Structure formats: structure tokens, C-alpha cells
Amino acid sequence: MPVRPSSSLFPVRSPHDAARWRRFLLGCFLFVVGVRCFLVERLGASIALVDEWEATGREVLSAWAHGTFSLAALFEAHNGDHRIVATRLWEIFWFTVNGAWDPKLVMIAKTVIFGAAATGFIHLLAGALDRTRFALGTLLAALFAFPFGYRNLLWAFQSQFDFFLLTAAGALCAVVAGRRWLALALAAAAPFTLGAGPVVAATLALVALLAGVFRLWPARAAVGYGLVALALAAGGAALRAAHAAPLGPPGDQAFTLAKLLAWPYSNFLLIVAHLPETARLVPGFVLRLPSAEQSLVLAAARTLQAHPALHVTLHVLLALLLTTPLLLLAARIARTRRLPSAAIGIVVVGLLALLLQGASAVARSTEILVQTRFLDVVALFGFTAMAAAVFLARSAPRLRRWLVLWAALIVPGYLATMGATAIQLAHGKEREWVPAVRAFFPSRDLATLPENTNWQLPILERDPTAFAALLADPAMAAVLPRSILAPEEPPRPVARIVFAVARLGWLLALAGTVLLATATRAPRHCHVLRDTSRRRSPAEVSRIA
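Residues 1072 to 1616 in this note's numbering are what the sequence shown spells out, letter by letter.
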């Protein structure tokens, strides 16, 4: 029986195979959420961090509690760059439901948002492949579950990144499924999650261009859709406030792009290049190899500092190396003039990730290191390169030995980064901040606050006087977390329930693992009812439209 033409860009599979994949995705979701819930419950603290005291406590929750919160405040730009509407509504929701501000409650709840976004990206990157989609999906689930961006995991205010990733994944899933207007609606919402939100609409414009070039959509529909997406992207970019921090020079932006594309190796290189200032980030035994007098690391630092051009060249070479699978995939598509349906999800996520890296480079060119809070979006590019490598290994056997070599080169960087992250998590600075802030309240004595550094206490604007004044503000006192004002009291009922569920996060992860295993062990036949990779005839294109 002929299959009815579909506007989906993914291959159409049999009902049995589609149900099996949905079961696998549910396992991915449970695994990611379970692992991250468990980590937050064990490592998180019910305390605000850095500018969260003011941006959430004073400007949102205190105003909401006193009836002065306005629509203008909801849409006000945070730091000039970010219209974090979704984050503000999320904080108000949990403040109202719980009856008190509890940052740890928000941290746990937002793992569901991240888990949904991660599941969407896993579907895009692996869902159109053949039998390898289960192996790749399992690898991606493990990588998404690992807290590369642990600052975001343990910082309630950073739900802005989770909402952005959710709208991005949702928009791309919608457009490849043929739900183009839903994709545009999500793209229109993205600028109200994070400053990088317009990137989602820009990605949809590029998807429309590809769909038109490869005759996957009617030419008129592709042009119209692309123009609407571009208009949304321009409108989102115009939301940047005049008081936002000035952008860096083009040279710094280009170098920052190379650093982002070269992650995770770029941070190791940057730490070495900025020694001895960054010595606290390097284990002592590494600095002393082979001896303190003849340290190889310090010798490398002196070489990089004496030859800035070498420093830049190494970053560019690393960026090209880590991008190799995506470059090979692009070259293959250009050479064959064919966009395989199995690669469509990889291509669209690759476009999103590349635009994200570019937007981050433009906005954050003054950063020396690739900051931990950006790694949830930075790592997405590396995950996409891995998916491209798996696709090429199956479809281009001649490239396999080179792809194996590529994998052997990137694995140490990821393992070293994961080890460094585990050390930081084990140190648990966030848990030390709660008693430090509690100690301030009985006497209101600034001397009770530890030394003013981000490593010891999240001081507002690095000014202990301003921080103390904020804590002592009567308007803030009404909304401060109970873990600070009344540590002897148990959490509110809603928070207690959420904390209890989080303590069982390992069970969620175990359930997800069982689902992953059962879906993967199912019969390995793969029923594809229609392949969308071939060019469609004009008659098919018109019927789809």
C-alpha cells in the first residue's frame, strides 16, 4: 500500500518500531532526570547565589509578595541582555505553591525541564538512524545526565538555560515532524527565556533554506517560512537593552568562537596559558611534573605567553579537529547534493549549536575561560559532532579509521573534564554558604561573613556591604529562604515532597536504565515505510504543501 506523502523530514517507521523508540526516549528522560535530581538533592543547598539575591529575591519575589510586581518588571531585561520571563514566572509559581522561597526546590523541579530538552535533542540526533540509534542515544543520555554545567545544576536562577534548551529542542523537533507553525511559536517564545533566544528562529530560517534547496518543501513555502523566521530572529535580537554591556572587538569575538569550538581542550590550554594566576585550578602534582624546578606545565605556559600567535593557532587547530565530523558531513552533502533523512536531525542541531557558539562568542568575548554556566549549550556542539561521527561511520566505511582516531583524540578531553567536575562537586562550596549566611543574622555583623570571594560566599556585586544591606532589607526579610531565617523549621510540605522524590532519583535513573535496556534488546529489524532523503517530485511536493 502506498504511503501518504508526509511533511515530516524524518523517515516514517512502522508502528512497532515507532513505539519501541518512544519507549527508549522515555528511558532517556527518566535516566537524565533521575541522575540530576539525585545530584541536586545530595549536593544542592537552599540558598540563592550571586545576583539571584537581587534578581529573584528583591525584584521578583519580594515585589510579588508585597503586590508591587508589574508586567513591565516581568519583561525587564536582566543585565541588559536577557528577558528571563520564563524564569521569573517559574520562580513565582514555586514561591506561591510552596508558600516560601526555596532555591533547592526550584533546582530539583527544573531538572524535569532539562530532561525534556535533552530527550528532544537525543531524538533529533539519533532518532533517524538505523540500529545505531540506540547505542548513540544511550551515549547521549549519559552525557546529558552528567553535569558538565554543574553551576547551572546547583543554581536555581539558571533555569533560564533549561527553558531555552527546551524551546530550542521543541522547535526543532516540531519542524522536522512537519509542525512548522508550532516550531515558529516556540521560536517566538525563545527570546523570553535567554538572551540567545533569537538563535532558535535563525536556525528555523536555515532549515527552511535547506528544505527549499533539497526540494523537501515547496519553494514558495520555504521562502515564506524562512522570511517569517528571520523576522522573529530580528525581533528577538532587538530586545537587547541599550544598557547592556558593550560587545568586544571582532578579533576577540573570533578568538572566543575558536575557544568555544575547541572545548573541552580549550579550557585546559587557557589554564596553562594564564599560569601562575590559574595555579589554583591545577592539581599540585601536575604542576610539579617531573619536578618543581623543571615543571613541564610551567615551561609550556612560558612558551604560550611568549608566543601569542601560537596560542591562537592551537585553538584554531583544536576547533577544526573537534568539528571534523560535521565538516565531513557537510562536504558529503555538498558533493552528493543529497540530504539523507538519517542526517537531517544532526544537521539542524548542528546549525543551532553553531549559531549558539557564534552568539556566545559575540556576547561573551571578554571571558578568559569557557565559563561553567555556559557548558550546557557549549557541550551541545560536541554531542552533535559525535552523532555526525556515528552517522558517517555507518554510511561511509572508508572514513571509519579516521573517525576512530578522532574519537581517541576527544575522549581524554571529556574524561579529564568529567574528573575535574567530579572534584568540584565533591568539594561542595554551596553547602558551606548556608551556615555562613545564617551566622550574619543574629548580630548583623559584617565580620561574620567570610572573605569576599566567589569561592567562599556569593556576595552581591562582590560588595559585602551591599550584600549585608540586601539581607537586612525588611522587604527581603519577608521572602528569604526559611533555611536561612529559621533553620530549625522543616521545609514546607511541597518542598518536603519534592525532596523525598529527589532522594529516590536513583530509582528513576534505574527505571530509565531498564527501559533503555529493554528497548535496545528488542528485535533489531528496522521498518522504514518511507525515506525522506530522496528528492521529491513536484507532484509530491505540492501534495505535501
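Hints listed in this document are in silico derivations from the structure and should not be mistaken for laboratory results.
Be a bit skeptical, because a hint or two may be false.
Claimed, not checked - Taking CB as the label site, the calculated pair distances span:
(1) A1312 / W1577: 37 to 45 Å
(2) P1361 / D1516: 33 to 41 Å
(3) T1407 / E1503: 51 to 59 Å
(4) L1298 / W1473: 37 to 45 Å
(5) V1183 / T1349: 33 to 41 Å
(6) A1256 / V1368: 28 to 36 Å
(7) A1548 / A1144: 16 to 24 Å
(8) V1585 / P1321: 26 to 34 Å
(9) E1503 / A1305: 25 to 33 Å
If you're wondering where the values come from, they're calculated on a predicted model, not measured in any experiment.
By construction, the Cβ of each residue, glycine as well, lies at the ideal position given by its N, Cα and C atoms.
Hint check:
{"no.": "1", "hint": "A1312 / W1577: 37 to 45 Å", "in the structure": "holds, 43 Å"}
{"no.": "2", "hint": "P1361 / D1516: 33 to 41 Å", "in the structure": "violated, 49 Å"}
{"no.": "3", "hint": "T1407 / E1503: 51 to 59 Å", "in the structure": "holds, 57 Å"}
{"no.": "4", "hint": "L1298 / W1473: 37 to 45 Å", "in the structure": "holds, 40 Å"}
{"no.": "5", "hint": "V1183 / T1349: 33 to 41 Å", "in the structure": "holds, 36 Å"}
{"no.": "6", "hint": "A1256 / V1368: 28 to 36 Å", "in the structure": "violated, 51 Å"}
{"no.": "7", "hint": "A1548 / A1144: 16 to 24 Å", "in the structure": "holds, 20 Å"}
{"no.": "8", "hint": "V1585 / P1321: 26 to 34 Å", "in the structure": "violated, 51 Å"}
{"no.": "9", "hint": "E1503 / A1305: 25 to 33 Å", "in the structure": "violated, 45 Å"}
Of the numbered hints given earlier, the model fails hints 2, 6, 8, 9; all others are met.
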